[in-house]
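**Q** In case you want the letters, here they are:
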Amino acid sequence: MKVVVCHVTLLDGTDFTCEVEKRAKGQYLFFKVCEHLNLLEKDYFGLTYKDNHDEKCWLDPTKEIKRQIRSNNWQFVFSVKFYPPDPSQLTEDITRYLLCLQLREDVASGRLPCSFVTHALLGSYTLQAEFGDHEPDPPRPVDFISQLKLESNQNKEMEEKILELHKSHRGMTPAQADLQFLENAKKLSMYGVDLHPAKDSEGVDIMLGVCANGLLVYKDRLRINRFAWPKILKISYKRNNFYIKIRPGETEQFESTVGFKLQNHRSAKKLWKVCVENHSFFRLNASEAPTKARFLTLGSKFRYSGRTQAQTRLASSLIDRPAPSFERTSSKRISRSLDGAPMISITEAGSETAENGRDPHLELHSDSKSPLRVHGDNIYVRHSNLMLEDLDKTQDEVLKHQASISQLKRSFMEAPPPSPPQPNQWEKRLTSSPATTIRVQQQQVSLEDEIASVLLSRRSAAECCSSTRPPCSATESTLEGAVTTCSAAAPTAVCTSSLSHPVSALSATEVSVPQTEASPADNPSSDTKEPAKTHEVEIEETIVIQEVSRAAKSGAVTITVDSPVIPPAEEEPQDQKEKVEEEATAVEEVAPSKPEGASSESESEEEAEYHAHVPASICQTKIPEEKEEEEEEEQIKKDEEQQVSAAVVPSIAVEVSQPTEETNQEEESIKEETMVERKDEKEETNVEKTDEKEEKESGRETEESTDDPMVTPEESPDGLIHAEETKMADPTEEQEQPKMNGEASLVEVDPRPQVICCSEPPVVKTEMVTISDTFAAQKTEIATKEVPIVHTETKTITYEAAQLDGNGDGEPGVLMTAQTITSESLCTTTTTHITKTLKGGLSETRIEKRIVITGDCDIDHDQN
Amino acid sequence: MAGLMAGFGHYTHAIVRGIPASLAKEALRSSQAEVDLTKARTEHEAYVEVLRERLGLEVVELPADESLPDCVFVEDAAVVCGETALITRPGAESRRRETEVMKEALQNLHLNVVEMTDENATLDGGDVLFTGREFFVGLSKRTNQRGAEILADAFKDYAVSTVPVLEGLHLKSFCSMGGPGLIIIGSSEPAQKALKIMQQMSDHRYDKLTVPDDIAANCIYMNLPNKGHVLLHCTTEEFPESVKVFEKLKDHMLIPVSNLEKVKVDGALTCCSVLINKKTNI
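Chains as they are written, first to last, in full-length UniProt numbering: chain A, 1 to 864; chain B, 1 to 282.
Isolated chain B, as found in the complex (with noise of 0.2 Å):
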């Protein structure tokens, strides 16, 4: 046990979720956009692909759930930070049955499973950002106080900070972490006034890496033994602009992974995984 904040970024393991295909037609989206399916799940399979074999996590695939059409954007059911995994309430109705699976699946890698009972709470964990040293909480249209404060009373070790989200479906919809203490954040404003929000209310400083597009700035960080920094990000073909940012990381290992028709019903990268730091064999 390397102690409290120790590590950020390592993960062994990783829960995804397959698409059903009611996905196309009912999960829920912000835009009118037609979702090909078959696309979809191609590019899911890529994602999945990276993270068992490029990055050799282990990877725990749940079964799609046709009445479930969002049920691939695993992130939101769950948030895991340790040893300890907050089960959410799903701000959207429709998916609040998503996290009974993801509640199994988490406890069979018996992690210290908390569960958000209080019927007047939502969150989604994609409104949740970890910096390593602290949460912030984005106060959505999916999560509100009394999640973020439940949220609070599962991981006590750390500051956990609301911060209002006006614009944008998730916090996590403009911004991410890219490194230790290296927020990648949006430039719309915002994105940016977002960031203004949680640097004045951390004890930490932040540096930050501003990309053009929004979306683009949701990527996936990693430390891994033997590839050190690791980040996900998007395409060249859907954010040029933004991975040339992104190529300024000379210290990372840069992985690309499309997201092109995920992101019609308002899926990023983050959205489709749960990643888990598991120490062996406990």
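Next up, chain A with everything else stripped away, as it sits in the complex (with noise of 0.2 Å):
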């Protein structure tokens, strides 16, 4: 193997060299770094790199090196990645003193901006820390501060004060000090927060901050919103534009999605990973790790996949060492020359990272991070006060609220792994790749020579929805892997959608779904990797965060059942969780790497996108300016009331009764409605998870409790045709819904309102989309009527059987369905998926895409 040599650049300045294979992974360098600093706590540090645009980023520990640097400059910088709320809960002191270090460059850098008095208070600190205590004859730290570079006006104050204030700190050993360093550290408001620039929806430049509470808005330095953890029920990212999707609150029945307008995809992408990570790190707790585990590593880059803060304390709890001894900076810094503030000074001002190099000495810190240096377009985004207060509700609130979420994918893909069936439901994951869907417009996609199996078919969108739908055997415990297929012939759209429903036979039986697959399932193969280069390429990639208890989908899924007329009672359960996953056929792995290079490639295509081929049918962009996300995306994040049509809520009630694991269904169920109309378009979304509310039946597993992130990434290639690919309904009706797009769901669903809708109005400008139920119906109605509106609704629905247990192994037949209405106002095209998956143990299922759609009150609202 080749060596290559790593320069680490640790928090006190010097530099960490050491050699690593070539094809070595990020995890391995890092505890390279760790095992040389002695760091046991690692879990909250992380290597930054600088990426090709001299941006920094983590380095992820889950993939080689090599692939994420792409160049040859194997320079890396040690920093914190989560700052500990609480530091005097971390277990050593040499921990808590590298995290001093961070947090004195994080001042002297202004990327932690505080008062003077704060400022000269921590460097006070840092004083007793690095050369005890004061000294009547102050020799050192004189020497120390005086190479000091304060502003003009403030260096003399500022050293005064810092002598003053070391005095009193007299006989505290540096440990102490330290500590007392975080304590006031840590209360200073922007603590642990990471800014991302953006812009609003009026083009005005904000900020956003990412921390362990949640997400923060900033304009200049005004925090004008605040979405706490809780209260986010979805991120995920195009393009450029990175969303929220927000729970609803009390008063209101709407979730709304937040749009934030970011400088180039790769901003987006970067702002959404930080968040993931964040959520996962901070919001989970150990016991919700397992869980959460699969999901994150399920694939690419996606997902967090260390351990939690919950977890890392508690492995804290149990070292077991004396406190190693290590030295402490100030001796081998102090020669240097101190860029930064006192604090820094001291110890890093030697240190080099970027941030150095900024203005240490401006007042203005936050200026200078702020918002200035976007530059975007047009911002669809708003944040505006005024959805503050329909946040406030709770979580059990959202309960009540039956939104049921649902996720248009447009292309996609599926994948069905060849691959031999692992034993463990989790090992398959992690082996399995994300699903990736790719829409190819001109038919060029590169897919990865990971993917195992991507088949790319030329269909008319009405053949797709003809496809033939082969039962699936209750046997197979193989996913299979529908193909989309672009109609190279017809540019138009071609639908494909493939399924891979690893059904077990229980549950096959019970389904009695036919899976529709799409017929060339062979074709895939050769086709996907055809192309390779697609020329639009979207990648999204959500995240869906489930603070509900799984137990609560299991509830929710026997709702459904009944749901299609289900009695008020169940209302109550209303929150479903619907998980749909789309799997893709791409290695996890390469899923990761595709994003970016997707992310590239879309960005240069954009312009592309405007094509015509965004057809008016795709309704969904109400927002004129957005017609590049429109057409890309049309659906993507739409939320869409589930309604469940009668006729699908039987089968389905019947699976529905059995208890189903969320394990299964993420392996499982994956539905891909992909409307293409020549556009192609990879977008990988992750799914999303709904809150799954409590609920009602806690009889049922309620294995997950709250928040589980669920991510998958999902990629629907936009276009305008769906490619439904749902197996539960009966046959004939699928058929009859492809063919009829909107139509056919529509009547199903008919007696209830099933179309959601998006709201336009409200959403003008924003790509917000609200969904109600109330006006599901009355959309439905419109749609129906074939209102010149033009929305683009699609819900998935996807009912997770009853699984008898929560282990996802074991479990034979997870059932899984989900319904995909589409309707497109303008084109009057519904599509109507409905999958069923079933879940076999042994089947091997790669979910590049998993949706997860929660329903809470849909089912009444149907019934309304």
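Everything labelled a hint here was simulated from the structure, so no lab data went into it. Please note: incorrect hints may appear among the correct ones.
[As the list claims (entries may be wrong)] Only some residues are given here: those of chain B computed to face chain A with a beta carbon under 10 Å:
hint	residue
1	Thr84
2	Phe130
3	Arg133
4	Arg146
5	Glu149
6	Asp153
7	Lys156
8	Asp157
9	Tyr158
10	Asp207
11	Glu237
12	Glu238
[Said to hold, decoys possible] Chain A stretches covered by chain B per the calculated footprint, using a threshold of three residues with CB under 8 Å from any CB of chain B:
hint	stretch
13	113-119
14	221-235
[Stated by the list, open to error] Derived DSSO-like pairs (lysine-lysine); straight-line CA-CA distance at most 30 Å:
hint	chain 1	residue 1	chain 2	residue 2
15	B	Lys279	A	Lys186
16	A	Lys219	B	Lys193
17	B	Lys25	A	Lys187
18	A	Lys56	A	Lys25
19	B	Lys278	A	Lys161
20	A	Lys187	B	Lys244
21	A	Lys219	B	Lys141
22	A	Lys66	A	Lys81
23	B	Lys278	B	Lys250
24	B	Lys278	A	Lys167
25	B	Lys193	A	Lys161
26	A	Lys81	A	Lys156
27	B	Lys141	A	Lys186
28	A	Lys50	A	Lys186
29	A	Lys167	B	Lys279
30	B	Lys103	A	Lys161
31	A	Lys187	B	Lys279
32	B	Lys208	B	Lys250
33	A	Lys156	A	Lys32
34	A	Lys219	B	Lys279
35	A	Lys56	A	Lys187
36	B	Lys278	A	Lys156
37	A	Lys187	B	Lys278
38	B	Lys208	A	Lys187
39	B	Lys193	B	Lys227
40	B	Lys208	A	Lys219
Since the structure is predicted, the reported quantities are computational estimates derived from the model, not experimental observations. Glycine included, each C-beta is placed from N, C-alpha and C at the ideal position.
Combine the two chains into a complex, taking the hints into account.
**A** Below you can see the structure in the form of structure tokens.
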């Protein structure tokens, strides 16, 4: 193996050099560094590198270094990645010391703004920690301080203040001084807040801050909004837009999606990843970890694979070693020039970080950080204070909401991995590659080798619809991947949906759902690989956060079953989680890499998207401004209420009755709807998890308690065509549906307003889509009427059959069904997809896309 | 130095100002009420008396200025937090000069004085709610975004969130702090809405004490050595129902202070003083 020399800048400014194999993963290097530092509580830290655009990125431990840095510059910086909200809970002094070093730099660089007095106070603790008690005749500190470069007018004053405060710390040990430093630093409002420049709906520069508690929105230095993690249902990005779906407030029935415009696709993705990681780290607890881990591991970088704070705390509590002795920086660093604030100067002045390059001295650090940098296009985003009110609702309240969320994925793909099933679902998932949908207009899709199989079949949409559905054999454990086809001949749009359903015999029988698979399952492999290039590629990644216990889901499921006509009683359980997983045939590893590549492409190609191809059909776009997005995304994140067609419901119900495990869901269900009109996009969306609400049917397994963020990348090609793969409903129905997209589905649903509406008006200028049940009804009507309103609605409902046990592995049959209804008002095309997936324990599924839909009240609404 | 954010409610000094005769006729007001100047002055004297005698604060009394009819409401002229004092730029043109004397007084106390010089900025201290952990700034007729930004610059340690004030004069016309982590809030819809926004914007959890009358929610909280929690609130004569609510605060030393006259010109309890925590002899 070839060996490469890595240079890592440590927090004290020194360089650590080590050799790694060229194909080593990030983890290897990180562990090497931690070993060098004698650091055990390492989960709070990470390595960064500079990408081609000179932006700082976190090195993904699970991926090869070489594939991330994309250059031959093997330079890294060791930094704090997750700032512990309460540093006093760290187990070891050495960990606190390293955190102090980071914070000194943060303060000096202005990344962590603080007042003069606080600055001086922190500096005084640094002095105490590094030099010990103040000496009446202070040779050292004085020298030290004099080296500091402070603002000219503050220099003297700051120096005096620091010395004065230093005197008061007499007798304090270095460890105590560090702790005091941290106790003060942690109270600063910007402590641990990772800022990302963005723009709001009016094109105004704002900053999005990701922290342990959630997402903060700043305008200049003012906090103008805040979205705590519990209020966020989904996080996603598309192109250079970043979206969060907000839990409806007490009084509201609508879920809203707030979008922000970032500078480019890269920054949107970066922000998304940071959010995913922070949410995972801080919000998930140990118990939930396993579940999460699965999701996380599924694949791509998109998930946080490390330990959560809860887990790392637990691990730290088990540390059993004498406190390691370590040398503080003062001795080594003092000679260096200090460019930062006093504190920094002591230890880190020398360090290099880019941030030091900034003017630490500027008073308005925040300014420097700020928004000015952003040069975005229009922003579709809105961060309105207005929304706040609604958001107030607590999770409990949310339960009441029925909102079902559906995501539309247009293109997609599926992944039928031929690979052998693994006994352990866990493993399976790990191995499984996240499905990626690929849309290719021009048919060029670059798939990674890893992708097991992608089938591209050319079909007319009609054909797609008509695609035969083979009944699922109960026995089939293997997933079948449907293939999406792009009709080369008819560029227009082809819908292909492939479903891979592992079905357990049991479930299968119950389900009795014919599975439709894109007929050309085989084709894919060749096709998929063919396209090396996709012209239009969009990647969306969405993370859904579930905070509801799964038990709820089960309940939900049951509900759904009944639901078609569900009695009010069931309503309570309203929250149903539906998860639709879409699997793409992409190797996990690949997936991550892909997005990036795609991203770049997408960016360049955005223009391309403007193509006429964007059919009016793409109704979704409500904002003219956002044509690009609209086209691409049409439905990407639309929330749709789920309305279950009666027919479907019954079938589902049967299955539903059985307990399902979430895990199964993940594996199994895949639905992809792709409406493509020659648009090729790759979207990787992560699936969301909807909340599952508590529920009602506690009886069922409530394995998952609240927050499980499920992350699944979904890729949906945008297109007019929706490929549906639903296996649930009767084959006949299915066939019909596809053909008659909108209508058929509608018809079925009819009794209840099935259609989900995206209320345009409210949404205008924002990409927010709000769907209310009530609205749904109305809208459905509209849809039927073919009101000129253009909206596309997609509903995906996944029912998870009850799983006997929470265990994913053992579960032979998990049934998942999803309906997706897409209606495009302009076109008046409604597509309904019903997918039932049975899980086979053995089946190997690669899920690239998972969509979790939670319909809380849907049923209720429907009934109404 | 106790460290950042320690000692919420601890004060050593108070700055107040006399009532000019012009207050009766010329002071800004949202109603048409007639002000009895004598009663107003008596009321204010009682207020100052409580601060000085009952609570033992060092009271700095600034002389009234007849050309500044609203000058008694010193709160609007400065925001003091820790050792930093921000001289505001009041939203009402007629009140701008009130800051001159205030600035002088604060400098005399050796505070780190910061001035709001931006001509596009306006800020009334009455729109600034400091909770001990963060600031909320009401965007009202008197306070704008720019003013809030400058405040955020002046107090970098703290989060500064903006809250729209749709009704009422100031943010603190319907709320105030009643203790660490305790927000006293009026029961009107605008007040409750504002509270919800504040709760959403905050990383911290606040308890709330809802009182029937909005203006009664304007109280002065202190945490003084040897006295513990102190709350200056409205009198039974003014808002009997609200007083009943305050009386449930068993841990607080409750001191009713009459505000019958000053309220006619939109003056609340907090309006009439600037409270300062000054370390001795620095």
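**Q** Taking the hints in turn, state whether each one holds.
**A** Status of each hint after checking the structure:
This hint holds: Thr84(B) has a C-beta 7 Å from the nearest C-beta of chain A, less than the 10 Å allowed. Interface restraint check for Phe130(B): the shortest CB-CB distance to chain A comes to about 13 Å, outside 10 Å, so the restraint is violated. Evaluation of the Arg133(B) hint against chain A yields a held restraint, the C-beta minimum of about 8 Å falling below 10 Å. With a cut of 10 Å, the hint placing Arg146(B) at the interface with chain A holds, because the nearest CB-to-CB distance is about 9 Å.
Checking Glu149(B) against chain A: minimum C-beta separation of about 5 Å stays under 10 Å; hint holds. Because the beta carbon of Asp153(B) sits about 6 Å from the nearest beta carbon in chain A, less than 10 Å, this interface hint is met. The restraint placing Lys156(B) at the interface with chain A holds, with a minimum CB-CB distance near 4 Å, inside the 10 Å limit. Below 10 Å, beta-carbon pairs count as interface contacts, and Asp157(B) has one with chain A at about 5 Å; its hint therefore holds.
With a least beta-carbon distance of about 5 Å to chain A, the hint placing Tyr158(B) at the interface is held under the 10 Å criterion. The restraint placing Asp207(B) at the interface with chain A is violated, with a minimum CB-CB distance near 16 Å, outside the 10 Å limit. Of the supplied interface hints, the one on Glu237(B) is violated, with its beta-carbon coming no nearer than about 35 Å to a beta-carbon of chain A, more than 10 Å. Among the interface hints, the one on Glu238(B) is violated; its C-beta lies about 30 Å from the nearest C-beta in chain A, farther than the 10 Å criterion.
Coverage of the stretch 113-119 of chain A by chain B holds in this model, with 6 residues showing a Cβ closer than 8 Å to a Cβ of that chain against a need of three. Evaluation of the coverage hint for the stretch 221-235 of chain A: fulfilled, as 7 residues show C-beta separations to chain B shorter than 8 Å, against a requirement of three. A hinted pair counts as satisfied when its Cα atoms are at most 30 Å apart, and Lys279(B) with Lys186(A) qualifies at roughly 24 Å. Note on Lys219(A) and Lys193(B): the hinted pairing holds, with a Cα-Cα distance of about 21 Å set against a maximum of 30 Å.
Taking the CA atoms of Lys25(B) and Lys187(A), the gap is about 47 Å. The hint is violated against a cut of 30 Å. With a CA separation close to 18 Å, the supplied pair Lys56(A) and Lys25(A) stays within the 30 Å bound. For the suggested pair Lys278(B) and Lys161(A), the alpha carbons sit about 16 Å apart, so the restraint of at most 30 Å is met. With a C-alpha separation of about 35 Å, the suggested pair Lys187(A) and Lys244(B) falls outside the 30 Å cut-off, and the hint is violated.
Distance hint between Lys219(A) and Lys141(B) is fulfilled; the C-alpha atoms sit about 20 Å from each other, no more than 30 Å. As the CA atoms of Lys66(A) and Lys81(A) are separated by approximately 21 Å, the hinted pair is consistent with the 30 Å bound. The straight-line distance between the Cα atoms of Lys278(B) and Lys250(B) is roughly 28 Å, inside the 30 Å bound, and the hint therefore holds. Of the pairs offered as hints, the one joining Lys278(B) and Lys167(A) holds, with about 20 Å between alpha carbons and a cut-off of 30 Å not exceeded.
Our distance criterion of 30 Å between C-alpha atoms is broken by Lys193(B) and Lys161(A), whose separation comes to about 43 Å. For the given pair, Lys81(A) sits about 34 Å from Lys156(A) by alpha-carbon distance, which is inconsistent with the 30 Å threshold. Using a Cα cut-off of 30 Å, the hinted pair Lys141(B) and Lys186(A) is violated, with the two alpha carbons roughly 35 Å apart. Straight-line distance between C-alpha atoms of Lys50(A) and Lys186(A) comes to about 27 Å, which keeps the hinted pair within the 30 Å bound.
Between Lys167(A) and Lys279(B), the direct Cα distance comes to roughly 16 Å. Compliance with the 30 Å bound is thereby established for this hinted pair. The suggested pairing of Lys103(B) with Lys161(A) holds, with an alpha-carbon distance near 23 Å, which does not exceed 30 Å. In summary, the hint linking Lys187(A) to Lys279(B) is supported, as the alpha carbons are separated by about 21 Å, within the 30 Å threshold. For the given pair, Lys208(B) sits about 15 Å from Lys250(B) by alpha-carbon distance, which is consistent with the 30 Å threshold.
Distance check on the hinted pair: Lys156(A) and Lys32(A) sit about 42 Å apart at the alpha-carbon level, beyond 30 Å; violated. Annotation: proposed proximity of Lys219(A) to Lys279(B) is violated, straight-line Cα distance about 34 Å (limit 30 Å). As the CA atoms of Lys56(A) and Lys187(A) are separated by approximately 26 Å, the hinted pair is consistent with the 30 Å bound. Restraint check: the Cα-Cα separation between Lys278(B) and Lys156(A) comes to about 22 Å, which is no more than 30 Å; the hinted pair holds.
Restraint check for Lys187(A) and Lys278(B): satisfied, since their Cα atoms lie roughly 21 Å apart, inside the 30 Å limit. Between Lys208(B) and Lys187(A) the CA atoms are separated by roughly 22 Å; this keeps the pair inside 30 Å, and the hint holds. A hinted pair counts as satisfied when its Cα atoms are at most 30 Å apart, and Lys193(B) with Lys227(B) does not qualify at roughly 34 Å. Only pairs whose Cα atoms come within 30 Å are accepted, and Lys208(B) paired with Lys219(A) is accepted, the gap being roughly 27 Å.
In terms of the numbered hints stated before, the structure departs from hints 2, 10, 11, 12, 17, 20, 25, 26, 27, 33, 34, 39, listed from lowest to highest.
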